[in-house]
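Enquirer: Assembly of the complex is requested from the two constituent chains, each provided in isolation within its own frame, with the hints serving as guidance.
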Amino acid sequence: MTDKRKLLILAIVVIALIAVFMTIHSYGNWDYILPRRSKKIAAMLLTGMAISVSTVVFQTLTNNKILTPSLIGLDSLYLLLQTAIVFMLGADTLTAMSKNVQFFLSAAVMIPFCGVLYKLLFLRKDGRAIYFLLLVGIICGSFFSSISSFLQMLLDPNEFLVVQDKMFASFNNVNSEVMVLATAIAVLSALYFCKDLKYLDVMALGREHAVNLGVPYDRITKRLLVFVALLVSVSTALVGPITFLGFLVSNVAYRLMSSFRSAVVLPAASLISFAALIGGQLIAERVFTFSTSLSVILNFAGGLYFLYLLLKEERT
Amino acid sequence: MIEVRGLSKRYGGGQGIHDISLTIAKGAVTSFIGPNGAGKSTLLSLISRLIPMDEGQVQIAGADVSKADSRGLARVISILKQSNQLNVKLKVGELVEFGRFPHSSGRLSAEDHRSVDEAIRYMELEELRGKFIDQLSGGQRQRAFIAMVLAQDTDYILLDEPLNNLDLKHSVQMMKVLRRLTDELGKTIVLVLHDINFAAAYSDSIVALKEGRVIRHGSVDDMMDPVVLKEIYDIDIPVHNVDGRKVCLYFR
Numbered sequence: 001m002t003d004k005r006k007l008l009i010l011a012i013v014v015i016a017l018i019a020v021f022m023t024i025h026s027y028g029n030w031d032y033i034l035p036r037r038s039k040k041i042a043a044m045l046l047t048g049m050a051i052s053v054s055t056v057v058f059q060t061l062t063n064n065k066i067l068t069p070s071l072i073g074l075d076s077l078y079l080l081l082q083t084a085i086v087f088m089l090g091a092d093t094l095t096a097m098s099k100n101v102q103f104f105l106s107a108a109v110m111i112p113f114c115g116v117l118y119k120l121l122f123l124r125k126d127g128r129a130i131y132f133l134l135l136v137g138i139i140c141g142s143f144f145s146s147i148s149s150f151l152q153m154l155l156d157p158n159e160f161l162v163v164q165d166k167m168f169a170s171f172n173n174v175n176s177e178v179m180v181l182a183t184a185i186a187v188l189s190a191l192y193f194c195k196d197l198k199y200l201d202v203m204a205l206g207r208e209h210a211v212n213l214g215v216p217y218d219r220i221t222k223r224l225l226v227f228v229a230l231l232v233s234v235s236t237a238l239v240g241p242i243t244f245l246g247f248l249v250s251n252v253a254y255r256l257m258s259s260f261r262s263a264v265v266l267p268a269a270s271l272i273s274f275a276a277l278i279g280g281q282l283i284a285e286r287v288f289t290f291s292t293s294l295s296v297i298l299n300f301a302g303g304l305y306f307l308y309l310l311l312k313e314e315r316t
Numbered sequence: 001m002i003e004v005r006g007l008s009k010r011y012g013g014g015q016g017i018h019d020i021s022l023t024i025a026k027g028a029v030t031s032f033i034g035p036n037g038a039g040k041s042t043l044l045s046l047i048s049r050l051i052p053m054d055e056g057q058v059q060i061a062g063a064d065v066s067k068a069d070s071r072g073l074a075r076v077i078s079i080l081k082q083s084n085q086l087n088v089k090l091k092v093g094e095l096v097e098f099g100r101f102p103h104s105s106g107r108l109s110a111e112d113h114r115s116v117d118e119a120i121r122y123m124e125l126e127e128l129r130g131k132f133i134d135q136l137s138g139g140q141r142q143r144a145f146i147a148m149v150l151a152q153d154t155d156y157i158l159l160d161e162p163l164n165n166l167d168l169k170h171s172v173q174m175m176k177v178l179r180r181l182t183d184e185l186g187k188t189i190v191l192v193l194h195d196i197n198f199a200a201a202y203s204d205s206i207v208a209l210k211e212g213r214v215i216r217h218g219s220v221d222d223m224m225d226p227v228v229l230k231e232i233y234d235i236d237i238p239v240h241n242v243d244g245r246k247v248c249l250y251f252r
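Which chain is which? The protein sequence lines are B and E, in order.
Each residue of the first sequence is one higher than the last, beginning at 1 in UniProt numbering.
Each residue of the second sequence is one higher than the last, beginning at 1 in UniProt numbering.
If we strip away everything but chain E, and leave its shape as in the complex, we get (with noise of 0.2 angstroms):
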């Protein structure tokens, strides 16, 4: 369970995120929907330690994130933002393989080989594994830099917009190896997604911010109401339900 209570970040200008409670549940999908600078990323950012909080405080599975040991954090939960610009000369292996570094400290074990093949195996990655990273198209890359979140083997994985670069066939891969996930190994994911429809055809749980507030935080069949919708996008998105799904009509 991800426990957040009255988090602040504040940036210029009004920007950031302003007094957020939240409860995720574990061993759920949770997605973060909401128009841009509703400080999605930030929210991730912060629960991942990746950046300081100015008040608040955040429990994963009870420790204190901005109090807990970084190397037992990166045992536990896993980030992957969406900018991943490399400086270095990587093949795709090694790149996986660093993903074990919170277990092995550089070292691998034969366990932690397994866990990278593993990774490697779980995103379609054998052929590209002796690929350099900046030789990859977008969407492999993104491929690749889930693996070695997956490598990293954590209870909760937090993925900021994983579908960016995708098409439709992979981004329908990802996110039935998220919800396997989930679903086999009982990880706690928590997304951020554009398309709602992603969000409520493979998440049990939608929180949706704007302005840097949580509006709504609800189960997929109460977000996806043109009431709700409207109040977070402005727009009005007619919902219709085809084969017993909900599915959001916002093209036009």
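In isolation and in its complexed conformation, chain B is listed as follows (with noise of 0.2 angstroms):
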């Protein structure tokens, strides 16, 4: 099969998918259950693309499809913002807090903490610069959550189950505002570096042979790993820490696909984000009717898929 059928496919099956999302269990109340679903739809679709393109681009960068952009830190800074906040200010606070004021408070912190990074990528001048951002990505990432476990062993039990419940991804109260407001950073972003993209294909040779074919390679590296850092936050401040979905869906395209081209690579790993978000929902949903969150669901199919391989590899 040619990865045009096979993109065509997984387009197929995301609309479907979205066709059924919306609309069973409707019974007839179609006013208030479409502007609701398509929000849920709506952030899904931002939140998987931005998630999918964020990790694929830093698999290229790091040339290892191990890693997700996870290790930048981001997420443990979003659990130590909600983690404080709840300790200093009482979980009544947080969830009283409007979204807007939540996501506006996540970027506030997450923008500028991208802003530090950049800094110091621009410190390096020896082309080793992708190593120091992991380096000090991985020192404040476990930074922030020593910080965030120190502080949650001091919270009262039912305010730690407020943090709790934000350590997980949820779709569930998704603000249309906010929405508009992350679609248009993650638009821009996208905009704004999209030029950077056409390099993605040589830069998976490797440095030598990226720059020997003229790519201004550690330029281009570290605007990548800003627009990284960027998608990593809006979708982290939208719905909360979902970076596995990103390693899940970056090696299931790999697979996928016979080219390894960024023109399929992408937009493999999107399609297969949203099936995974929106077939994850209406399990969490329908099947379990919201006892267990789409994070769970997403974590137990990704880790049985990941034993498959495993199980797989060794028997060839």
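Bear in mind the hints are in silico, worked out from the structure with no lab data behind them.
Predicted, not measured: the structure shown is a model, and the values here were computed from it.
Misleading hints may appear alongside valid ones.
Only part of the chain B face toward chain E is listed, based on derived beta-carbon distances under 10 angstroms [to be verified]:
| id | residue |
| --- | --- |
| 1 | Gly206 |
| 2 | Glu208 |
| 3 | His209 |
| 4 | Ala210 |
| 5 | Val211 |
| 6 | Val215 |
| 7 | Pro216 |
| 8 | Arg219 |
| 9 | Ser258 |
| 10 | Arg261 |
Heads up, the beta-carbon is just placed ideally off N, CA and C, and yes, glycines get one too.
Expert: Right, dumping it as structure tokens:
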């Protein structure tokens, strides 16, 4: 099967899933259901796209297919922020806080953090900027999560539940104004960085080949890392930490598609993430009737997939 | 012409290269020889902007390498290093097509396809064109990478140990191809070679490096001399005349 046909089939699957998601158990309450459900779909499409694009780009830049942008430490920063709010202002403040304020607060912490990383990147001029960034990211990430766990230790169990709820991505309470804003940030940054994406295929060959072929490698790497950080910030601020999804869908896309080119892998990974998110949400809502979260289902399915891969690799 | 002026690059422990000045003639084959760790690969990487220099200047055809636009340079000079691990699944033909990236930015024109076909023919890869790189033997892979560099079609070609992994037949073929590129198309080729006899048989001039410095630079005749070779390698290497060519017997 050609890659084009595979993409087409994936697109059909996604459209079918959207149709099912929009219409299942409607009981004729269209005025109530359609706006609510389409908001969820929009959030899932935006997050799915942001996470899969950022992961594929990040994996190309690091030349490593098992890393995810969570290494930059943005997820931990998000959790630290949520924990700190509950710790200092109490769980009621967090639950009462409007979604707008929450999004702005998260974005206001994470985007300056991206700015600091960007500054750090430009301190290095020897072509090893990416390793330096990973190192700083890992250190900051563990620093943030250590503080979070320390604060969580001190929390009242009831308040801790509120924090725990924030540890998993959720599409259930997405605000439409926040959606518009998040989409605007994602689209604007995509437009700003899209001219760098044409270098991705060449950069996948590794630094030396890319430099030889005239790619301004160090500059493009830094720019694309900022793009990755922006996308992760937007999607995390919108629904919560969900970078594991990126790891899952990028690897499924690499296996499924015969070409490694970004023109094929990026849409494939995005479509797979749409299918995973919408399908997972359907299962969470209709099969488990909201008793479990989407993240749990995705991690379970992802875990099974990787066990399968491991067993299959062992046999060959 | 490649002009190197006061070039330095320091690594920890006194490694690196120190204050190298060198002029590499246009339209000729120049070989770098010298013991391991002499700085041959480093010099090649510095000339081709793969690593930034600490001090000095490199000019290729009048353009300053550290200031010139990278894409423009990629149409003038190409480099192939010795370790070529790929992380992506790629066919031979696709790899060679990447050589046209500086000219086409990914959208290949009819002319680009012609260059690709020609490079594949030069390296005798027609039958392997549809094979994946990771299915090839070391020598075939080496040829595929060289074909990519040929497709790039630059006036200056830098190759770091191009004979690595090649058997005798393909080594001779490779050197003949490089010689032909110089003689017929006027390309300037700079090589790192370990086998002095290959260097002597196909080069126009030889540059000897040791401990990060150029210690000798001369014609093949000047360099194929027991006294000079002793200075470079610290061992006695007898040089014999076979059919009018100087040959080293360094085996025992």
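Enquirer: Does each hint hold? Answer for all of them.
Expert: We went through each hint and held it up to the structure:
no.: 1; hint: Gly206; result: holds (7 angstroms)
no.: 2; hint: Glu208; result: holds (5 angstroms)
no.: 3; hint: His209; result: holds (7 angstroms)
no.: 4; hint: Ala210; result: holds (9 angstroms)
no.: 5; hint: Val211; result: holds (5 angstroms)
no.: 6; hint: Val215; result: holds (7 angstroms)
no.: 7; hint: Pro216; result: holds (5 angstroms)
no.: 8; hint: Arg219; result: holds (9 angstroms)
no.: 9; hint: Ser258; result: holds (8 angstroms)
no.: 10; hint: Arg261; result: holds (9 angstroms)
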